[in-house]
Amino acid sequence: MQRYSGFGLAKHALNHHENWERQWRNPTPKKQYDVIIVGGGGHGLATAYYLAKEHGITNVAVVEKGWLGGGNTARNTTIVRSNYLWDEAAALYEHSMKLWEGLSQDLNYNVMFSQRGVMNLAHTLQDMRDVQRRVNANRLNGIDSVVLTPEEIQEIVPIMDCSKNARYPILGASWQPRAGVARHDAVAWGFARAADALGVDILQNTEVTGFKIRDGRVYGVHTNRGDIEARTVGCVAAGNSGVLAKMAGFRLPLESHPLQALVSEPLKPVLDTVVMSNHVHGYISQTDKGDLVIGAGIDGYNGYGQRGSYPTVEHTLQAIVEMFPIFSRVRMNRQWGGIVDTCPDACPILSATPVKGLFFNCGWGTGGFKATPGSGHVFAWTLAKNQAHPIAAPFSIDRFHTGALVDEHGAAGVAH
Amino acid sequence: MSQSLKQPNRLREGGRIDRARTLSFTFNGKRYQGHAGDTLASALLANGVDIVNRSFKYSRPRGIVAAGAEEPNALVQLGSTEAAQVPNVRATQQALFDGLTAQSTNGWPNVQRDVMSLVGKLGGRFMPPGFYYKTFMAPASMWMTYEKYIRKGAGLGRSPMERDPDSYDHLNQHCDLLVVGAGPAGLAAALTAARGGGRVILCDEQEEMGGSLLDSRELLDHQPAARWAEQVVTELAGLDNVTLLPRTTANGYHDHHFVTLHERCTEHLGETAPTVDGYRPTRSRMHRVRAGQVLLATGAHERPLVYAGNDVPGNLVAGAVSTYIRRYGVVPGEKLVLSVSNDHAYRAALDWDEAGREVVAIVDARRHPDGELVEQARARGIRIIEGSAVIEAKGDKRVSAARVATIDAEAFTVTGQAETLACDTIASSGGYSPVIHLASHTGARPTWNDEILGFVPSLVKGVHAAGSARGLHDLAEGLADGSAAAARALAALGLSAEAITLPQVDARREGTACALYQVPHEKPTLRAPKQFVDLQNDVTAAAIELATREGFESIEHVKRYTAMGFGTDQGKLGNINGMAIAARCLGKSIPEVGTTVFRPNYTPVTFGAIVGRHCRELFDPERYTALHQWHVEHGAEFEDVGQWKRPWYFPRTIDGKKESMDEAVARECLAVREKVGILDASTLGKIDIQGPDAREFLGRIYTNKWAKLAPGRARYGLMCKDDGMLMDDGTTSCLAENHFLMTTTTGGAAGVMEWLELWHQTEWPELDVTFTSVTDHWATMTVTGPEARKLLAEITDIDLDRDSFKFMDWREGRVADVPARVFRISFTGELAYEINVQANYAMHVWKTLFAHGEKYGLTPYGTETMHVLRAEKGFIIAGQDTDGSVTPEDLGMQWAVGYDKPNSWVGKRALSRSDTRRADRKQLVGLRPKDPKVVLEEGAQIVFDPDHAIPMPMVGHVTSSYYSPTLGSGFALAVVKGGQSRMGETVYLPMADGKTHAAEIVGTIFVDPKGERQNV
Amino acid sequence: MFLIYCPYCEEHREEEEFHPKGQAHIARPADPEACSDEQWGDYLFFRDNPRGIHHELWVHAVGCRKFFNITRNTVSYEILETYRMGEQPRFTAEYPEGKPAEAAAARAEEVERQEGVKA
Amino acid sequence: MSEQTASWYNLYDARPQAEVPAESPLAWSYQHSGRPSVGEKSRVVLRERALAGHLILRGGAIVLDEAVRQVLGVGLPGRPNTLTLDESGERSIQWLSPDEWLVIVPGGEEFALEKRLREALGDAHYAIVNASGGQTLIELSGDKARELLMKSTPYDVHPEAFPVGKGVTTVFAKANLILRRPTEERWELVLRRSFADYLYRWILDAGAEYAIGVEE
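Chains as they are written, first to last, in full-length UniProt numbering: chain A, 1 to 416; chain B, 1 to 1016; chain C, 1 to 119; chain D, 1 to 216.
Calculated from the structure, these hints are not laboratory results.
Careful: at least some of the hints might be erroneous.
Said to hold, decoys possible - Calculated cross-link-like contacts (lysine-lysine; reagent style PhoX-like; alpha-carbon spacing at most 25 Å):
id : chain 1 : residue 1 : chain 2 : residue 2
1  : A       : 268       : C       : 21
2  : D       : 174       : D       : 41
3  : A       : 65        : B       : 30
4  : B       : 30        : A       : 268
5  : C       : 21        : D       : 174
6  : B       : 461       : A       : 268
7  : B       : 721       : C       : 21
8  : C       : 21        : B       : 908
9  : B       : 933       : B       : 847
10 : B       : 148       : C       : 21
Stated by the list, open to error - Selected chain B positions facing chain C (in silico; Cβ < 7 Å):
id : residue
11 : 208
12 : 900
13 : 901
14 : 903
15 : 904
16 : 948
Source: prediction; values computed, not measured.
Positions of the beta carbon are idealized from the N, C-alpha and C atoms, including for glycine.
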């Protein structure tokens, strides 16, 4: 792998950039691999990377029906945080956060992970109770998290309306300084390049059309480019997980919903941190290019259309202008939708399945992007050892039968 | 024709501007003049302003390139005052008004001399695509510092820092046919549909309807095309069934033909809406259109050619040159070189020539151009250089020359010696891309059409495209196509439209265009001077080539790696060229590389317009009870509970000093415990339930039993979801054998109502029962405290005797002469009467209570005191003490669970799952802090071992915690793992300030454990 | 934003008047106590989530407050039909173009019977 | 009404006999937001028909129709989204859902009406609920009334789609209400009490450009 550095870049510049290598190969599928990862998004590529790097399993194929990183990695609002309420979820996201913190260097690819802090606002007394409950839990779990007063909030975000005149005045917030945003596409590319360098075959434009299953065990996949064999198959296909599960003959407790987001035109820097409000329902940050990235809610119906309902956009911008009245004259450039696979308890599934050798990593809902490295890391461990990683164990499919849900719905602050 | 003195590029006559009305404006601090009918762009060109901006990445000087929505460079900051600022206004779409003040969005200290351009010049080659991904990684700790400097360069315009003085609104529109675009196809379509009698909306983004007809060289019915457009618009304006919306951009096509149209109501009049008759009209308005059918007559965007130096001011697309000359009477230069791949673009040279300025040459990539426009140019003696193209523009702040050479487009090589032609303007045309954005929003993937060298829209049911929008660029064809499409659309709705007589167009023969996107240079792309594809994001052909070399093969990858098409113009000029370049580099065809997907908005839309009237005091409804006015007048502080405003506490001012919340709440609590208090409980949800099966239904939906509740009695009930978790609680009273009144929590009211209907309608339709919300009909006043009976007795005819009107009874009678239902239900643990009266009379009853209550010390109290009092009694609040993961058993409420009921009520089965049977589930308990002065923090986490290292195993948390003036100490409710069997044990609460509180696990009832006080 | 035909109001209304309520035709087990934990979990949580034709339960929340079913394509978002509670869909994954005429006729009869009962 | 039926349901006249001051749901709004006067330039005029009697009828159409004809002298609107008025125009019945209707009568008539309906209905399956305290009715008239409605509701209020005699429950701003058109010139809005102030403020704001006036 060509090492990237400022010095190297300058050298390339003198050669008119004619000597850059491909960031990943475009290989022909082999007949057989040790492990097949279905889904070439951030999570799938991370899984492949950590399989190769941490477990020495390099004979791995990542099978992607479109272009790598083209799913939710390509269309999210890039927020990374780990201030989750429940121990199980907090462990998972904090594991991920620690990997984020060294990720650019580990991958030799600057994913522009910017720890500019995430603020979750509270507008009602119950919001405040939830914030305090979550922050206290975070602190005892070793996650940086504090409660802010309205005055402290105003100091960090001077342009926000923190007055009592607001319809739902801001009463406080939780604040995670280590949280932030990252350059979403670069995460997929960085993992792809690093995994490829370790020998992983990334097979783009390769669509899984079925599983080879005999006697309750998986032996590989059928694809539009022929059959590929492996005795371990990990599906990391987000919104398409339900479709894959159906091919394998079982159902999942998942529904795929449109999640919308939008960006403004690029503006000179005006907002330095991530602000989220579950109560008035909108969240916002500003990219290094100057766009305000704004998250809208999930639409209530199932949808694979990568678009959602217009009223959701209206409500989101109403919330944003309520919090930031000065943005009324700023203009919205683009909106789009992702497809999020949501579980009833707003927590993911990292689990073995009724089919031996077949594992699923899905159900991340709106929390997928921030989990990318952690999800890949524990899922690789699970695939390599054929046994759930301790952090992954609470997220098995069984919980929907025993009732042991990890109910992040319970504690607000869950979304996104 | 010659020029006006003040505006060097303004023609003496011609165009659709009003020379009699001169408008002054300021750009970058300098004053200029233009005319009514100008856009800011045409006025700047008239004044010879070449540099309108600096580019985003390389800080290169940029000029105006186009004349419409596709303009990538001319983005300005509008506004003379802070509050009026609008960032990133496209000068080509901003009508000029008197006093307009604008500035370039980039460039420091100014666009003429920009310091950053040095960086661009020197550093440009060090900033290939993916530059950030490859650098700034070492040392890791420095990234935030690097980023701080990167961020300084971010953005185009700036946000205003003051509140918007303007207002916005929405108009919900419905029509049979929405026609987007009022060019030839759109006008013909609207006329056809309108005469057919359908409800028609016609919108167009420009200041004036007519589209390409406004600058057409062609005649319709032997008169200028613009005149025909005027006649049609006049006819349409006179029809009742037609809504004409000029200055209105269709910016988003949503599901089932829901289209958002953004009308700029006053943006052509001033930077803020000018006041008329004391009323300030809306600045812009969103039309939320639900259409039966939609006809897209959105025209086409001309593609510029990609050649070296094509970003130097003075490079324009050919059609824009015609538009500026014919529509605005502005010639944007002296000496023109035109580089084309098609006949249509020859108009630019003809118009330029007619304007009396020099056409140096037309450079045509085709070997033997032979259409009629070519002949006209030849006839005028214009030099035509065949088989060639402009390969490079020379110049720094303005084009100074064009290097022209013969090329082999197929082989992508320059085949001859370059000739240098002195000129100040280069116009180019590589063909026409149908405007497919709206069709693309519907999810339909456009398809490549080799004949027209462009993507044409794929259409979902009910969408039609006509004219240039689907590649029919010929005027006669476009008119006929628009009319036919309208007839088809109406027919699909079962309406008929007669064919209209279309104006006569003189047939004009155009030769075949050739495919040309990037023009080859003598040097390979990576070494040639920059050839720009996306001007706004500074994406070059070399960047695209590099991306493909690095393995970015899908067009989506290329776009994301280079940022092509991510600007505010969404790549209207550049995307197809970029795809063509990627295709060339990958040895594929354009459609093989991918299609191009557009998302709303077509052009950016002000947040304010999307928000509409739903802001400030109308952001969200505030729900009030019938007693709201009294609360306001008595100084209540309010708590938001759902959308309700509930009195939180009633601070008194004593000796000129207003009580704190703690003081007020302590006073209110004691008043209730010692005398009598009153609470407005009207916000509780109330559902009237009637029917022979009402009782059976209650037995299935509640966890407890309802079979024997007698008329005149009330009972507390718990409601679970089918996963066994508590959902809501409340009392339900039996009004008569088949008639019940259910109460719900304030926040849960709507949800419970829908929940009852869900079960009734989907699972148990055989039950004869109806549910009707009466939340708003009844006002509820809780009079509670030892003196409650005495007070109430003064104004009621109900027998309040403790033996005849017992706890959990309800009675009818009169209170303050008003018919009332009075319930002896207590949420405070004290003697309590909930008085329900028809809400219209509530104020009278409330005031009468106070008139009689003074001697008893009647004290109004709010939600905070209510919370303290109920917590002292261990009464839960659903949503505060529960969170969707708590069962009735976890709450210790087995007494409210009918295990032996004959039916499997909702939630029952889930209670026997392995996890819900666990002994160490979190259970509701009381906590008594070891230090009585301590009031534990709500949300504090509980541990058994305070010395455990982090991460500490947490075993529960505090759900409710208050200071109790009755107990003289703090107390709390909490959930603790296995808590119900840990009475008397000590738990710890390590807090953020470093202190660790100790507390004893106790029962949940702190005051009057035997419940005697409510039974007096 | 969807335009939804309410089979009770008998006209098209805007999506803002409706709430989606998840997959349609999920019957609560007749005897919950007889279910295994697995069966109960399946009933509570496991859903089809198809890419394509899907049957959904909606409620006309701001309107007649009636629950009804929608057959909708989850990719194109096209609504193929709406039908009252107790009725069966005409369009299914198996019959994307609609069930054959016989089935439709039988369904009409069934509907009539049910309405008779309700009236 | 048989004695037995009487004991099945609680029938209750919530309106006082004595002269007791009553407040419409808009009482606070008039005081707090004021009532812009009706003037020559007013192209929308708002008038409240306060303190009317509102009853919700639930049950089968056929059964209810007979009773309503007998008691009120007008038929029950059987078609969805329709409205019938008595000759005076003072009393109306509106379809709300296949088994639900709204009756509005002059204030004070509602209890007697409920009693007579219950007598007429006997032992049939039905329900009647008094909602008089929970809602109020306002009228909008003037040549811009329709445009004001277009600003506020996604429902199509074009005369072709919303002829006289129609009534619907729909979204209005961020609340719901019942919208009906009893005559060519007049629109009626039935507001829920707790949302009335918000809706009133919304209507004044949206009506400002039409110099909206509120009749005393």
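Verification of the hints:
no.: 1; hint: 268(A) to 21(C); verdict: 43 Å, violated
no.: 2; hint: 174(D) to 41(D); verdict: 28 Å, violated
no.: 3; hint: 65(A) to 30(B); verdict: 56 Å, violated
no.: 4; hint: 30(B) to 268(A); verdict: 23 Å, holds
no.: 5; hint: 21(C) to 174(D); verdict: 21 Å, holds
no.: 6; hint: 461(B) to 268(A); verdict: 42 Å, violated
no.: 7; hint: 721(B) to 21(C); verdict: 14 Å, holds
no.: 8; hint: 21(C) to 908(B); verdict: 22 Å, holds
no.: 9; hint: 933(B) to 847(B); verdict: 38 Å, violated
no.: 10; hint: 148(B) to 21(C); verdict: 46 Å, violated
no.: 11; hint: 208; verdict: 31 Å, violated
no.: 12; hint: 900; verdict: 12 Å, violated
no.: 13; hint: 901; verdict: 12 Å, violated
no.: 14; hint: 903; verdict: 10 Å, violated
no.: 15; hint: 904; verdict: 4 Å, holds
no.: 16; hint: 948; verdict: 33 Å, violated
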